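Taken in sequence, the protein lines are chains A and B. Numbering of the first sequence is given in my numbering, commencing with residue 1 and proceeding in unit increments. Numbering of the second sequence is given in my numbering, commencing with residue 1 and proceeding in unit increments.
If you're looking for bench data, these hints aren't it; they were derived computationally from the structure. Heads up, some of the hints might be wrong.
[What the hints assert, rightly or not] Okay, derived cross-link-like pairs now, DSSO-like style, lysine-lysine, Cα gap no bigger than 27 angstroms in a straight line:
id	chain 1	residue 1	chain 2	residue 2
1	A	K57	B	K78
2	B	K83	B	K57
3	B	K78	A	K22
4	A	K68	B	K78
5	B	K57	B	K78
Just so it is clear, the structure is predicted and the values come from calculations on it, not from any experiment.
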Amino acid sequence: GENVEQHPSTLSVQEGDSAVIKCTYSDSASNYFPWYKQELGKGPQLIIDIRSNVGEKKDQRIAVTLNKTAKHFSLHITETQPEDSAVYFCAATGSTWGKSTFGDGTTLTVKP
Amino acid sequence: EPEVTQTPSHQVTQMGQEVILRCVPISNHLYFYWYRQILGQKVEFLVSFYNNEISEKSEIFDDQFSVERPDGSNFTLKIRSTKLEDSAMYFCAGRLYQETQYFGPGTRLLVL
């Protein structure tokens, strides 16, 4: 089955700096890669996603890149703010029924 | 904006008891999911449900687990005889045709 690895597990940046989180996946059949932000006590909230026919996608301060050949994708957050502090999960989806396999999560702390 | 709701938010039960976790997905969604997240760990897929039947399930989803959508709005996860290791946060999710899944806020289950 699919295996998703996510790095780093923790990331601390100064407000205004950029943050990058990387994920690799194993199943070449995976074709949809969402990123979720999870705040304490809440469910995962989609922040950006990318499909396998696209190499990069940007939404304001957030961008995601995908390298299908290398089977890795990354989340980039620019101009970080304290409210960006949360746990971020990457996921890979490829089955007909939409099963998502999640990475282990990255705890991002943005220091004011 | 429509959202997924889950009840109860917290449930404490004794080992061996049955629990039913309830979800109300977004009304026009067609595909439904249950995931779980043990404290501090990644989100894990349990089961997907489409057209009133299970479409895919993980190895975690053994005979102690069942799902149903009894009335076209609620989507339930039943654990027949809870074990200590069932303690986790359980998330319901749903989607329409596109891959994007919308998660509920979760039910925190504690088995004593």
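Hint check:
At roughly 39 angstroms between alpha-carbon atoms, K57(A) and K78(B) are farther apart than 27 angstroms, so this suggested pair is violated. With a C-alpha separation of about 19 angstroms, the suggested pair K83(B) and K57(B) falls inside the 27 angstroms cut-off, and the hint holds. The straight-line distance between the Cα atoms of K78(B) and K22(A) is roughly 35 angstroms, outside the 27 angstroms bound, and the hint therefore fails. For the hint linking K68(A) to K78(B), the alpha-carbon distance of about 38 angstroms lies beyond 27 angstroms, and the restraint is violated.
Proximity of K57(B) to K78(B) is assessed by CA-CA distance (about 14 angstroms); at most 27 angstroms being required, the pair is judged to hold.
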